[in-house]
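S.K.: Bring the two chains, given one by one in their own frames, into a single complex with the hints.
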Amino acid sequence: MAVAVQGAPTKGSQEPRPGLVARVKLSYSKHWYAYAMVAPVVIVLGVLVGYPLINGFYLTLTDANSLNSARTIGVKEIPATYQYIGLHNYADILWGPGSYDRFWSHFVWTIAWTVICVTLTYSTGLALALLMNQRLRGRSFYRLMLILPWAVPTFVTIFSWRLMLADGGVVNGLLGSLGLPEPAWLSDPLAQKAAAILVNTWVGVPFMMVSLLGGLQSIPGELYEAAEMDGATAWQQFRHITLPGLRTVSSTVVLLGVIWTFNQFAVIFLLFGNGAPDAQILVTWAYRLGFGQQPRDYAQSATYGVLLLSILIVFTSFYRRWLARNEEASR
Amino acid sequence: MTATIEETVLTPAAPPARPPKVRRRGESSPLVRALSHGALVMASLVALFPVLYIGFISLGPDKMDYLHPGQIFDKITFSNYSKVLFETDFASWFLNSVIVAGGTTVFGVMVAATTGYAVSRMRFAGHRQLMWTLLVTQMFPIAVLIVPMYTILASLKLLDGYTGLIIVYSATTVPYCAWLLKGYFDTIPVEIDEAGRVDGLSPFGTFWRLIIPLARPGLAVAAFYSFLTAWAEVAFASTFLLSSSKYTLAVGLQTFVSQYESQWNLMAATSVLIALPAALVFYLVQRHLVTGLTAGAAKS
Chain A
21 MAVAVQGAPT KGSQEPRPGL VARVKLSYSK HWYAYAMVAP VVIVLGVLVG YPLINGFYLT
81 LTDANSLNSA RTIGVKEIPA TYQYIGLHNY ADILWGPGSY DRFWSHFVWT IAWTVICVTL
141 TYSTGLALAL LMNQRLRGRS FYRLMLILPW AVPTFVTIFS WRLMLADGGV VNGLLGSLGL
201 PEPAWLSDPL AQKAAAILVN TWVGVPFMMV SLLGGLQSIP GELYEAAEMD GATAWQQFRH
261 ITLPGLRTVS STVVLLGVIW TFNQFAVIFL LFGNGAPDAQ ILVTWAYRLG FGQQPRDYAQ
321 SATYGVLLLS ILIVFTSFYR RWLARNEEAS R
Chain B
174 MTATIEETVL TPAAPPARPP KVRRRGESSP LVRALSHGAL VMASLVALFP VLYIGFISLG
234 PDKMDYLHPG QIFDKITFSN YSKVLFETDF ASWFLNSVIV AGGTTVFGVM VAATTGYAVS
294 RMRFAGHRQL MWTLLVTQMF PIAVLIVPMY TILASLKLLD GYTGLIIVYS ATTVPYCAWL
354 LKGYFDTIPV EIDEAGRVDG LSPFGTFWRL IIPLARPGLA VAAFYSFLTA WAEVAFASTF
414 LLSSSKYTLA VGLQTFVSQY ESQWNLMAAT SVLIALPAAL VFYLVQRHLV TGLTAGAAKS
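Protein chains in written order, with my numbering: chain A, 21 to 351; chain B, 174 to 473.
Chain B on its own, in the form it takes in the complex (with noise of 0.2 Å):
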């Protein structure tokens, strides 16, 4: 990274600058420092708005208040949260759901993991080309592949079930996970690997036992891009679950927008009922995003 600097910047070309004050370095003066807080303010209620709007919505009763945002005031209420809870197949959904991200989390960063080890760490027949492979799989079109998919789903019986599901979610999380992990592995000195293959270990235990736990924060991250990945599908799960017994939460919300009838505010609640445990995920692991993902990229 820092190899590309230029000398030129160095050199004392530049016009004398004011009078130093006396600051510590990294502090902005006080006139920056009040306009970074006022972009910061600014850009983190556009953030956070859409996503405090659709909950404020859900607090309301009726299936048109989205057009009046105002009147919900006077009548807030919980009772879209206690139809969709007690009235809908929420509870099925919602394990479904968990179920599926939360197979393809362990599934999708078990695979990506091992296969950026022996990426980051061996020098294998084929190992540019497999990381090729899997930068090209992000951009094939899932209009391409949803046809053919579904076709050997059915033929393998795993189609309306957990398992295809799952599988299907780790082959597009799968690629972009390596490449992150490929990343934070090569920040690992080789010489722990070495250590421990003197040590005895295999090249699996060395694996497991030495990286893996190094590893962590960029684990963090793949396992997040993972859930979030599977826990938000739309496409893929409302063509390959079949049965409202299976539907994971994406594909039961849908359910409440039926051609006649649009009941707003109850997928106002459900979104909100979804995001929660998302949230929660994110906030396990937003420690390590910044360094999780600095690794993986920086050094890919």
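The following block holds chain A by itself, in its conformation from the complex (with noise of 0.2 Å):
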């Protein structure tokens, strides 16, 4: 990641820095364009991310919810009459009653939710890529097949697989033919968390795939030839050339796939709408209590989106953290 790699060398050998106001002055001076190319981003994001942050977060601290929230019924406009009641709501969620069915079983359910797609999509990619790295006749049209589950809109897809997991749907057919066991995808718990994470292998692999057939294409192939020549066996190759070449592609593949499954929004909605509250990850879990249920419950809704946020932050601080130490390490 950028982030990481760049921070070492400015740092340091500089000589006093000169004050604020005056650092600001000579740096619009010399990169007023690059502020220019940066303010629409600056502006959008400011606008439609940082002040909705900023309210939900206020939001998060009040019992606000769509019976005491600003409307307009017809002509008539009510103000709102939600108060600040502190911290109340997260000390709800993390330990008020029932809170383990309310939030600790969502949380568990999302860490493995998130461990297991992103290992199951990682190494299918993975696999997919090295054997389509070989010199295979076919090699494009391959490539064409199996990016298409991300070329067809995800809703699409997703509205596809759940016709094909219904009860009597192709699945199950396909089971029973085989003299497996049909489970009930999408009514038994069980059942429903096992089609949710294969349906998201399913729409993840193809980004995986790419990106890991990129970074494989951009291994020299002196350093096979090299190997071959010492004699590495092919699990040689694999771990000291393959899997080294890959790290950092692989780091930010992985990282963004951590980000993305853990705010899955789509497979799990569409796939099971609003029922299925086993099934349910913390987002989409989230969601439903500010927009799934009557009356909406927008306070403890943001509160879970704050949640996840610090969950995410805090991971993505250790990943670096890990990431910059192997890399001292493998120096």
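To be clear, the hints were calculated from the coordinates, so they are not data collected in a lab. Treat the hints with care, as some may be off.
[Unchecked claim] Reference listing, derived: stretches of chain B covered by chain A, where coverage requires no fewer than 3 residues with Cβ under 8 Å from a Cβ of chain A: (1) 224 to 235; (2) 306 to 315; (3) 334 to 347; (4) 395 to 406; (5) 438 to 449.
Glycine included, each C-beta is placed from N, C-alpha and C at the ideal position.
M.R.: Right, here's the structure in full:
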């Protein structure tokens, strides 16, 4: 990741830094066009992401729901009447009555979901990328086929999966003809989880595969030639050339994969809708609190969101530190 | 990338291999090749099947046909398609989707490209924090943002319109695109910029006339990502679009499933019609996909 790499060289070796105002002025006169180029992003993200975040964070400190928020009924405007209740929402979610069913069970499932999905997509993606990195006839054809799950809009493919996984659908038909049990994919709690992981893996593999294939192709062929000359086995080549060569790509795609899977809204929401309370990960659960029930509980929903965000930020900073340490160790 | 290879591999510690066969490098033995083909064919089938399946279901005339796919063979018909195309608002939904997805692609990629370029080339104050902030925005759960976003769009009078949706989508696609493009710009030698500046181009001129043409594969991938994200998005669109004439395809599709009746066959046909343009865009850029993503991922 750029952030991890860039840090080192600039620090330390400078003369004492001038004052803040002077620095900003200097920087402005030198880089005004850079700021002009960055401005649109900063404005758009500031308005559409920064402000909602602050607003959302404020909501977590209130008891806002759809009954006491500002709203318009016909021509009558009702002002907001929710009030500040401090950290009560956090306390309630984390150790209030029933917090196991409301938070911790979803938390555990979300972690399991993220770990299993990222492991499966990464390893399947790597295996396919390795297969396609050989000199094979019809390679570009395979690539076209294998990227297809990515090219077709998610809600279309998930809709298709829903039909296939339905009772009496194709998947159970196939399992039945092989003499295997036919679970109720869309209603049995455990089978729901398995189905969600299956579909998410199917959706996520192409991105991993393409990224890793790119990474494989950027490893110079001479390294393998030299290794072959020295009599390294295929496994040794994989272990000592391929894996280290893929390190940068891997660290990026795994991080993105974790973030995206953790926040994977579409797969679970489209597969089960508002049913399946057990298979809801934290994101869909938060959405359900805020939109899928009456009255809509905006405050609790936002609190879940803030908790989610903090989990991801903690994870990312640990991950970055771990990456940096690994990089040191391998030098 | 190459600096990390461990020296130990190359020492002749490994036992001497079997007598070398006469084979060109990178070519595998027939057995390995057959197994690879087998695995890849299997994987392709798994990748392809759900897509084909929905196409097949869309040919059945009855809304319960998905329960008995075998019976569809006897009564294949395109009646679902004609119904969707001529008896619903499909045409206007389609147009709305094209406007929104196209707008997002153009606006988002331009904004992401300038950002990526600025961060890649210029050490301005806060460039590092900016990239970090972009990464962090990827972590925001949609459930937190959607209510406040709704309020903001309402007060800006952007609700129920294309502009609001385009800006919201850009806010979701730009972070990843900027990361990707920054990585791609990093692979373009700085000497090119310097040559452009020496020849009297402005910073913007350098970017526009020299770098953009060179970065085409990266831009293609960013465009692909933006288009697909905007084309297929459901949650924002169904919250921010209020009138049926402004619906995008993803929202319009939901109207086939009401509380009382689920017209799965019509949904299937619409899904196929929605997937076609996305597949088209995909085939236009897939040539660049591997190179574009690689540079982005490998260098970031």
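S.K.: Could you run down the list of hints and mark each one as holding or not?
M.R.: For each hint, the structure was consulted:
1. 224 to 235: This one holds; 4 residues, not fewer than the three required, reach chain A with a Cβ under 8 Å.
2. 306 to 315: holds (count 10)
3. 334 to 347: holds (count 5)
4. 395 to 406: holds (count 3)
5. 438 to 449: As far as the region 438 to 449 of chain B goes, the hint holds, because 6 residues have Cβ atoms under 8 Å from chain A.
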